[in-house]
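Q: If you want the building blocks of each chain, they are given just below.
There are 2 protein chains.
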Amino acid sequence: MTNDRRNFIKKSVLAGAGLGLFSNQILSAEKENSQLELSNKNEPKSVIRMAFIGVGLRGEVHLEECIKRKDVQVIAICDPDKNSAIPRAKKIIGEYYGEKNKVVEYSNGEEDYINLLNRTDVDAVIISTPWEWHTRQGVLAMKKGIAVGMEVCGAMDLQECWDLVDAHEASGTPFFGLENVCYRRDVMAVLNMVRQNLFGELLHLQGGYQHDLRNVKFNDGKQFYGGGVEFGDKGISEAKWRTNHSVHRNGDLYPTHGLGPVGTMINLNRGNRLISLTSVATKSRGLHKYIVDNGGKDHQNAKVEFKLGDIVTTLLTTANGETIMLSHDTNSPRPYSLNFRVQGTQGLWMDDIDSIYIEGRSPKGHTWEKADAYLSQYDHPLWLKYGKDAEGAGHGGMDFFVIHSFIESLKRNEPCALDVYDLATWYAITPLSEASVAQGGQLQQIPDFTRGRWMSRKPIFALDDRY
Amino acid sequence: MTNDRRNFIKKSVLAGAGLGLFSNQILSAEKENSQLELSNKNEPKSVIRMAFIGVGLRGEVHLEECIKRKDVQVIAICDPDKNSAIPRAKKIIGEYYGEKNKVVEYSNGEEDYINLLNRTDVDAVIISTPWEWHTRQGVLAMKKGIAVGMEVCGAMDLQECWDLVDAHEASGTPFFGLENVCYRRDVMAVLNMVRQNLFGELLHLQGGYQHDLRNVKFNDGKQFYGGGVEFGDKGISEAKWRTNHSVHRNGDLYPTHGLGPVGTMINLNRGNRLISLTSVATKSRGLHKYIVDNGGKDHQNAKVEFKLGDIVTTLLTTANGETIMLSHDTNSPRPYSLNFRVQGTQGLWMDDIDSIYIEGRSPKGHTWEKADAYLSQYDHPLWLKYGKDAEGAGHGGMDFFVIHSFIESLKRNEPCALDVYDLATWYAITPLSEASVAQGGQLQQIPDFTRGRWMSRKPIFALDDRY
Numbered sequence: 001m002t003n004d005r006r007n008f009i010k011k012s013v014l015a016g017a018g019l020g021l022f023s024n025q026i027l028s029a030e031k032e033n034s035q036l037e038l039s040n041k042n043e044p045k046s047v048i049r050m051a052f053i054g055v056g057l058r059g060e061v062h063l064e065e066c067i068k069r070k071d072v073q074v075i076a077i078c079d080p081d082k083n084s085a086i087p088r089a090k091k092i093i094g095e096y097y098g099e100k101n102k103v104v105e106y107s108n109g110e111e112d113y114i115n116l117l118n119r120t121d122v123d124a125v126i127i128s129t130p131w132e133w134h135t136r137q138g139v140l141a142m143k144k145g146i147a148v149g150m151e152v153c154g155a156m157d158l159q160e161c162w163d164l165v166d167a168h169e170a171s172g173t174p175f176f177g178l179e180n181v182c183y184r185r186d187v188m189a190v191l192n193m194v195r196q197n198l199f200g201e202l203l204h205l206q207g208g209y210q211h212d213l214r215n216v217k218f219n220d221g222k223q224f225y226g227g228g229v230e231f232g233d234k235g236i237s238e239a240k241w242r243t244n245h246s247v248h249r250n251g252d253l254y255p256t257h258g259l260g261p262v263g264t265m266i267n268l269n270r271g272n273r274l275i276s277l278t279s280v281a282t283k284s285r286g287l288h289k290y291i292v293d294n295g296g297k298d299h300q301n302a303k304v305e306f307k308l309g310d311i312v313t314t315l316l317t318t319a320n321g322e323t324i325m326l327s328h329d330t331n332s333p334r335p336y337s338l339n340f341r342v343q344g345t346q347g348l349w350m351d352d353i354d355s356i357y358i359e360g361r362s363p364k365g366h367t368w369e370k371a372d373a374y375l376s377q378y379d380h381p382l383w384l385k386y387g388k389d390a391e392g393a394g395h396g397g398m399d400f401f402v403i404h405s406f407i408e409s410l411k412r413n414e415p416c417a418l419d420v421y422d423l424a425t426w427y428a429i430t431p432l433s434e435a436s437v438a439q440g441g442q443l444q445q446i447p448d449f450t451r452g453r454w455m456s457r458k459p460i461f462a463l464d465d466r467y
Numbered sequence: 001m002t003n004d005r006r007n008f009i010k011k012s013v014l015a016g017a018g019l020g021l022f023s024n025q026i027l028s029a030e031k032e033n034s035q036l037e038l039s040n041k042n043e044p045k046s047v048i049r050m051a052f053i054g055v056g057l058r059g060e061v062h063l064e065e066c067i068k069r070k071d072v073q074v075i076a077i078c079d080p081d082k083n084s085a086i087p088r089a090k091k092i093i094g095e096y097y098g099e100k101n102k103v104v105e106y107s108n109g110e111e112d113y114i115n116l117l118n119r120t121d122v123d124a125v126i127i128s129t130p131w132e133w134h135t136r137q138g139v140l141a142m143k144k145g146i147a148v149g150m151e152v153c154g155a156m157d158l159q160e161c162w163d164l165v166d167a168h169e170a171s172g173t174p175f176f177g178l179e180n181v182c183y184r185r186d187v188m189a190v191l192n193m194v195r196q197n198l199f200g201e202l203l204h205l206q207g208g209y210q211h212d213l214r215n216v217k218f219n220d221g222k223q224f225y226g227g228g229v230e231f232g233d234k235g236i237s238e239a240k241w242r243t244n245h246s247v248h249r250n251g252d253l254y255p256t257h258g259l260g261p262v263g264t265m266i267n268l269n270r271g272n273r274l275i276s277l278t279s280v281a282t283k284s285r286g287l288h289k290y291i292v293d294n295g296g297k298d299h300q301n302a303k304v305e306f307k308l309g310d311i312v313t314t315l316l317t318t319a320n321g322e323t324i325m326l327s328h329d330t331n332s333p334r335p336y337s338l339n340f341r342v343q344g345t346q347g348l349w350m351d352d353i354d355s356i357y358i359e360g361r362s363p364k365g366h367t368w369e370k371a372d373a374y375l376s377q378y379d380h381p382l383w384l385k386y387g388k389d390a391e392g393a394g395h396g397g398m399d400f401f402v403i404h405s406f407i408e409s410l411k412r413n414e415p416c417a418l419d420v421y422d423l424a425t426w427y428a429i430t431p432l433s434e435a436s437v438a439q440g441g442q443l444q445q446i447p448d449f450t451r452g453r454w455m456s457r458k459p460i461f462a463l464d465d466r467y
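If you read the protein sequences in the order shown, they are chains C and Y. Our numbering applies: residue 1 is where the first sequence begins, and numbers increase by one. Our numbering applies: residue 1 is where the second sequence begins, and numbers increase by one.
Heads up, some of the hints might be wrong.
Chain copies aren't distinguished; within one or between two, either way the pair holds.
What the hints assert, rightly or not - Think about it this way: if two alpha-carbon atoms lie no more than 30 Å apart in a straight line, the pair counts; the simulated DSSO-like pairs of lysine-lysine are:
| no. | residue 1 | residue 2 |
| --- | --- | --- |
| 1 | Lys385 | Lys82 |
| 2 | Lys370 | Lys388 |
| 3 | Lys234 | Lys307 |
| 4 | Lys307 | Lys222 |
| 5 | Lys297 | Lys91 |
If you're looking for bench data, these hints aren't it; they were derived computationally from the structure.
Make the full structure from the sequences, and use the hints.
A: In structure tokens:
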């Protein structure tokens, strides 16, 4: 381990978690081999040496967002999918770095990421793998002193959330939860309105993941989306692994797109925390119906019993007295919607109708106004500054900002805007939701992953126009 | 008791509840005095002799809907409010019946309704009193053999729901739950779509009562709505009694406008039933804030601690595997919305955006259509037939239909379309919601008020264009 990484970790930890513990694993990482020379020993860093574990459809977006930045040097990629993911990623790398680039490939099976993480020349890694790999990969990376940007999902088990928190606190390695919707332009404008007290004291918030994923969960084994009703071994891309979660699990499997943005508005883990949840699930019909409708009742997958209820609804309470409702709705025909609603004592915003009502400001009582003028007026400083840079980036520009924030905080050795406590809290919704559903909707307590520090921690997310 | 009432009751009971028990109170009612001659001994009845307990702002609407019908004879009114309610009701009666009408007035205190219910010439009574009076008045009326049309609210205690069911089953007296939103034109069109399988198998439904009631809960003691921050003894109309429920209770106090319509779509108590609920409430801010904003922080009501959380959200499960989300949101500035959403395996309707998406029919995948064309095409036969008669009736015509249905079922001695089991189930949400909120969101089981008969009972609500 070089001095700059040691300082980098130390400063991050002191600023972020408030602890300064170093594990033996980290200190011993210094002795390990490196394939590339360490070049940058100055603070602040000007270039982040980045690796990618998982370069499927999600990972390749992050790869491209990173590789086009002057402050990122792509060092290595890792994916066991030599047929599609690796060639696609190498094509992107070739476009930016040319044929003679030095990016190293780790594609020798599912465990090859361990070899990547044994490198000592990697500053940070972005993990965009199937959900069940996130924690083990993230924990190992942190132990190795490699900063982690982790894609969203929900935990397989509550313990995974603690594993991530513990690994972060023990190693002091920076950790960023890559929830891109926190950076959606309208969401950030609404966050701005919240902070300027437009809605008064917040009362109730809604979010969710309402996205007809049937042609993501099934394909023909050739094209990424739809065209057939295969999944698992006969599917490719997400159908290969994601659908299996719908076979075996019943709960809110993907809570972060709704909860992440709402969390920034209620100062989650920074003056506030989640207390409890209950979840209920409808019967499971959509995925079976899709198979029968598109593959016929005699298709072998028509025999699969999907455990995931088509719509899972979760109610959360917070320490500060707000309530949150989350929807998970991915098996049915419906227009896309993240179901946002932000309501306070002075008024509310509803995403689905793209409307706002603010008492004393809206011209007509009890009557919605279109949100456009508000969204323009309260456009977040980050979007005002970087909106042009975000053009063309994934998901309407959000993907630029989430990478930008991760990279900028690493360069400055400053705390990550969405940190391990945020991600652990988001991830925890899934196993707790599963437990609640399995118990008919029983109340579940949500752990305090900050171990009490939420009471004194201050908000840091997007406070200015830097990152 | 006359023969026609006996037959009337008997036939209703056999058709409806399936029981034929008569209490001693009913049979002894025959001996009691009557102030008017009994005139109609034929079946079916051509005229219903109607009384009204409670003729405040809500009761007077029912009075007017009834008095203008040729098949209703208004016999008596009852209200302790001699200053406003009684004079206003008498003015309406005068307009229709002239000065020399024979409508009897019971206004001698809060217990005078007992004297009204001792009359033997009353076929039916409509109860539109403060919530805490509903059950005792309805139970007594049923015991006296007087058919009951009962306004909506929630029960004070779960036992009230059983009291109503037991009184109905013991007496065989007809009972109608006056949930007018079941008859809202768009709601009935959507019910029609549900029955024609447009949405496929139902999965998730939403409803609620999102209505800024602050100027209903407070007034100046002179005008009905707003103008001051008084309630209780110093307020008038609803502010006199309704607000007190917000002082003392925390739960979904008004579940029926959301649950009633949703119930007709899922065949509540007729092949399906509610199983469980959880409720959470936000902090209570809106009513105190309204007092301070409009009456100043030194106003005596600024000291009142309101127990009702500003937004109460309830999740319900059903025997058939649907989920239902109800919102109660009456203390905050917001546009009116009953928050309807009806979603099945084939598509969904959302009230707030007045839009529909139906797979295989909507022209563009993943994209909403405005609901208008659907609402026209599937306009319910009742509205097609009676839409003109409903013009000018309260709440956009809904109030015509709810009275129409009550009267028509009484005239024909047929089961009430919204019956005591429906109302008991709706009412039960309130005390169960209060219990859940008080326990931090704990799961509550919802009683089966049909005592198992929901499994064999058949839907009867609005099956044709009659009532």
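Q: Look at each hint and say if it fits the structure.
A: We went through each hint and held it up to the structure:
1. Lys385 with Lys82: neither (39 Å within a copy, 67 Å between copies)
2. Lys370 with Lys388: Within. Shortest intra-copy distance 25 Å satisfies the 30 Å Cα cut-off; inter-copy 34 Å does not.
3. Lys234 with Lys307: within (20 Å within a copy, 57 Å between copies)
4. Lys307 with Lys222: Only inside one copy: Lys307 and Lys222 sit 26 Å apart there, 59 Å across copies, limit 30 Å.
5. Lys297 with Lys91: neither (40 Å within a copy, 67 Å between copies)
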